[in-house]
Every structure is written in structure tokens, then in C-alpha cells.
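There are 2 protein chains.
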Amino acid sequence: MSTNQWAIGIDLGGTKIEVALVNSSGLLHDRLRVPTDSKKGYKTILKQITETIHQLCDKNGNAIPSSVGIGIPGQISRSSGIVHYAPNLNWHEVKLEDDLSKMLDKHVSICNDVRAATYGEWFYGAGKNCDDLVCIFIGTGIGGGIISDGRMLTGCNNTAGEIGHMTIDLHGLECHCGNKGCFEALAGGWAIARDAQDMVRTDMKSGKILLAIAGNEIDKITAKTVSEAASKNDALAKKNIDNLADVLMVVQH
Amino acid sequence: MSTNQWAIGIDLGGTKIEVALVNSSGLLHDRLRVPTDSKKGYKTILKQITETIHQLCDKNGNAIPSSVGIGIPGQISRSSGIVHYAPNLNWHEVKLEDDLSKMLDKHVSICNDVRAATYGEWFYGAGKNCDDLVCIFIGTGIGGGIISDGRMLTGCNNTAGEIGHMTIDLHGLECHCGNKGCFEALAGGWAIARDAQDMVRTDMKSGKILLAIAGNEIDKITAKTVSEAASKNDALAKKNIDNLADVLMVVQH
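As given, the protein sequences belong to chains E and V, one line each in that order. First residue of the first sequence: 0, per numbering that gives the first Met the number 0; consecutive thereafter. First residue of the second sequence: 0, per numbering that gives the first Met the number 0; consecutive thereafter.
These are calculated hints, taken from the structure and not from any lab test. Yeah, the Cβ is synthetic: ideal placement off N, Cα and C, and Gly gets one too. Treat each hint with caution, since some may be false.
[What the hints assert, rightly or not] Straight line, CA to CA, 20 angstroms or less: simulated SDA-like cross-link-like pairs of lysine to any residue:
no., chain 1, residue 1, chain 2, residue 2
1, E, K179, V, Q251
2, V, K179, E, R32
3, V, K127, V, C56
4, V, K179, E, G171
5, V, K179, E, H170
6, E, K42, E, R32
7, E, K38, E, H83
[Stated by the list, open to error] What the simulated footprint calls covered on chain E by chain V, stretch by stretch (three residues with Cβ under 8 angstroms from a Cβ of chain V suffice, anywhere in the stretch; the number is not a length):
no., segment
8, 146-155
9, 169-177
Taking the hints into account, I'd like the entire structure generated from these sequences.
This is how it looks when you write it as C-alpha cells:
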């Protein structure tokens with residue numbers, strides 16, 4: 000087995016670290032997932048990452064990866080390899096690329112997580128052979144990546160693609176970012192949960208299925224609850240999803 | 000005088016053709032403006048353009064331009080030199096670059112007018128030495144151009160930068176394009192006129208200055224009327240401009 004056949008890809012989140020062993024064709028060979036000890040701080044997480052990499056390589060015939068790529072939920076500088084701010088990890092100005100590179104004695108590349116996923120779709124997925132591509136990732140928040148004329152857009156501060164904070168409803172509800180009517184504030188996971196909770200509060204009778212799935216606690220209704228209720232044909236959940244579809248149609252246009 | 004010292008730049012609009020003689024430093028040397036005979040069709044306009052170029056060159060010591068650039072208010076293909084659609088000129092699929100090139104026996108480049116203006120600001124104006132730049136042009140409609148990481152964005156169909164048709168008010172007023180709440184439908188010249196006319200209809204007393212400037216015809220109130228009234232400290236016109244400023248703040252963010 001050649002020593003440069005393998006690479007490591009890491010998806011670092013506020014709740015889990017997922018480490019993947021990938022072959023030179025970009026195919027996933029194996030992976031490990033561990034919960035993030037985000038409260039214990041930067042150094043503990045670095046240790047978790049390196050230990051999980053070693054564990055995964057050991058498990059796969061002592062695979063020796065030639066390089067490591069890591070996706071970060073935050074604002075980074077690709078030129079300096081510094082994470083400026085990652086809210087879910089509570090990291091400010093950490094030299095992740097340097098630190099991890101020293102610990103692993105390997106080349107490490109950092110990238111915003113959503114931009115990393117966009118590269119994945121571009122090179123190996125839905126956007127293969129496309130020169131123009133927009134990826135929208137809807138989770139609790141909304142992020143994105145933009146390929147234009149065969150190049151990933153970065154923007155002047157490496158935040159191009161943050162389409163979750165485009166204003167699409169000038170007079171809309173407040174977003175976590177402080178503005179009003181952002182795409183994320185209308186269609187992100189937290190916004191879906193907020194709308195469903197409001198709907199149930201207004202009409203408890205129509206909300207009984209949503210409420211039952213959430214263990215009869217309105218505050219525990221999430222986007223997942225809405226999805227479950229909709230699959231059971233619940234009218235309120237389906238209305239919530241129709242509203243979401245309207246917003247997505249506007250953005251897609 | 001060297002034969003390749005000069006270039007011709009043309010701003011072709013629905014109401015006027017402006018032809019400029021530009022030196023090799025990109026500086027404007029002289030210009031001529033003629034009204035566009037847009038109702039007489041494509042061939043008449045081509046003739047107008049070539050005649051105006053000859054007139055301008057004759058006027059400037061028989062200057063011999065080495066090439067010609069022309070900005071078009073419409074959708075074009077740079078690779079084929081075809082204008083797909085220019086609504087104000089009523090042009091569909093015309094081979095402008097080829098046709099004009101033959102008539103002038105010179106190299107001709109066509110470009111969307113707003114993107115051409117963005118190149119101007121980038122090379123010689125407000126965006127000189129910038130790698131990231133957004134130009135917003137507010138006239139009757141709203142257009143734009145985007146420079147990202149030292150390159151003009153084109154988009155997959157050469158319409159990148161059409162920021163006038165971003166939705167910023169999901170439930171807003173209808174735009175000419177058929178969608179609702181586009182940036183242009185809130186802040187374009189025609190939207191400013193529509194809002195001012197509505198304000199005057201609702202409150203004729205407060206609208207008396209606007210009305211007087213427009214010759215006492217509500218339908219003749221334009222964005223220019225609003226600007227004139229505001230410079231006279233008219234409260235209604237100033238309210239209209241404040242609303243516009245709010246919209247621009249949202250887009251700028």
C-alpha cells in the first residue's frame with residue numbers, strides 16, 4: 000500500500016467530530032465519529048482530533064495519510080490557517096492549521112465547513128464538471144458556497160457564500176445576527192421550530208400531533224418534529240413546510 | 000499621432016447614443032451624444048453609431064481609433080458577440096459585434112452596459128487597485144457588476160450582477176420582471192416615482208410642492224421631481240428619500 004494513497008477529511012462541529020479516511024479517488028473508505036468536548040476548550044479538541052485520526056488509521060491496516068483537510072464551522076483565513084471565530088466551539092483567533100500540523104507532522108488545510116462541502120459536491124457530487132454552482136446547506140442555520148466560472152468565490156474577508164444572511168423580507172422577523180428577515184431567519188432549522196411552536200401556541204387543537212411527538216412540551220418542537228409530523232400527514236406541519244417551500248422558491252429564483 | 004493611440008467607447012441607450020474618444024491612458028478626450036432612433040430598428044441604429052464615430056474622429060484631427068467598445072442595455076454573449084435581448088432597443092438575437100466590426104473595419108467588443116461601467120470604475124475610478132468590488136447603478140432600473148478576487152463575475156448565462164432583481168421584500172410590491180419585492184421594485188427610479196405619486200394621491204395637501212414641480216399632473220411625478228422637491232426641503236419628498244435610504248442600507252449590509 001503506497002504511503003500517499005490516503006487522506007484524512009474532518010468535519011468538526013459543535014456537537015461531533017467526524018473523521019474520514021478517503022482514498023486517492025476521493026471515495027470514503029472508513030470513518031469514526033466522536034462527540035466534541037467543546038466545553039473543555041481548544042487543546043482538548045485538538046487532542047480528540049489527533050486521537051481519532053490515529054484510531055481510524057490503526058483500524059485500517061495502519062494507513063498512513065499524506066495530508067489532512069478540516070472543515071470548521073466559522074470564519075477562517077486560508078492564507079494564515081487561522082480560525083478567526085467559531086461560535087459553536089467558542090474559538091477566537093486560534094492557529095489551527097499550524098498547531099494541528101505540528102501535532103500530526105503532516106500537511107493540514109483548513110476550510111470553512113460549508114465551503115469544504117461545496118468543494119466535495121463540485122469535485123465528486125452534484126456539481127461534478129460544472130463551472131457555475133451554488134450549494135445551499137440548511138441545518139440549524141443556513142450556509143452556502145458559490146462556484147463561479149470554475150472558481151470558488153471567497154470574498155474580501157473569506158465569507159462569500161454566507162447566503163443565510165441575505166435579507167429577503169425587509170420587514171421580517173429578527174435573525175440571530177441582529178438583522179431582520181434573513182433567509183436563515185425564515186427557513187433555517189431554528190426558524191422552522193420557532194414557526195411551528197408559534198402555530199401550536201395559537202391553535203393547540205390543530206397542533207396536537209406536533210405536541211405529542213415533542214412529548215407535550217411546546218418548547219421541544221424542532222424542525223425534526225415538523226418533519227416527523229408532516230410524514231404522518233399532519234396539516235399544521237405540512238403548512239409549515241409549504242411556507243418554507245415558498246421561501247426557497249424565492250431564493251432559488 | 001500614432002494610429003493606435005485612440006479607442007472609441009460607446010454607451011448605447013434607449014434614448015441616446017453617447018460616443019467617446021478615449022486615449023491610451025483611458026482618459027476621455029472628447030464625446031458626442033445623439034438621440035437614439037430606437038423606433039427605426041437595428042440597421043438605423045448601427046448607421047447612427049458609425050456616423051457618430053466618424054463625426055467624432057473627424058472633429059479630432061482625423062483620429063484613427065484602433066478598437067471600439069460598446070455597452071449594451073441588455074443580455075449579451077461575450078463569446079459570440081450576440082445581443083440576445085435588449086428590451087429598450089427592442090433587439091432580439093442580433094449579431095452586433097460582427098455587424099459593427101464589418102461596418103467599421105475594426106475590432107469591436109460588446110459588453111453589458113452596467114458591466115462596462117463596472118470595468119471603468121475598476122480600472123480608472125472608485126475601485127482602482129481593488130480585488131473585490133460591487134458597483135450598483137441606480138437609474139430607472141437597477142443594475143450592477145461584481146468583481147471578486149480580481150475577476151469580473153459573469154454567471155452561467157452572463158447575467159451575474161443583476162442585483163436589481165434580488166428579492167428583499169418577500170411580500171413586497173410587484174416588479175416589472177414578474178416577481179415581488181425586488182430591490183429595483185423598491186428603490187429603482189420607477190419605484191421612487193410610483194411611491195411619490197401614491198403619497199401625493201393619499202395626501203394632496205402635503206404633496207403640493209411635488210405636484211407643482213410636475214406641472215400639476217400626478218402621473219408626471221418622477222424620481223427627478225422627488226429630488227428637486229427634497230432639495231427644497233419638502234417633507235413628503237424627504238420621507239420618500241428616507242425610505243429609499245432604508246432599503247439601500249439593507250442591501251449594503
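Cross-check of the supplied hints:
1. E/K179 <-> V/Q251: holds, 14 angstroms
2. V/K179 <-> E/R32: Since the Cα atoms of V/K179 and E/R32 sit roughly 45 angstroms apart, the hinted pair is violated (cutoff 20 angstroms).
3. V/K127 <-> V/C56: violated, 29 angstroms
4. V/K179 <-> E/G171: Given that 20 angstroms is the threshold and the Cα spacing comes to 15 angstroms, the pair holds.
5. V/K179 <-> E/H170: Measuring from Cα to Cα gives roughly 14 angstroms; hence the hint holds.
6. E/K42 <-> E/R32: holds, 18 angstroms
7. E/K38 <-> E/H83: Holds, at roughly 18 angstroms.
8. 146-155: Answer holds; 7 residues pass the 8 angstroms Cβ test.
9. 169-177: holds (count 3)
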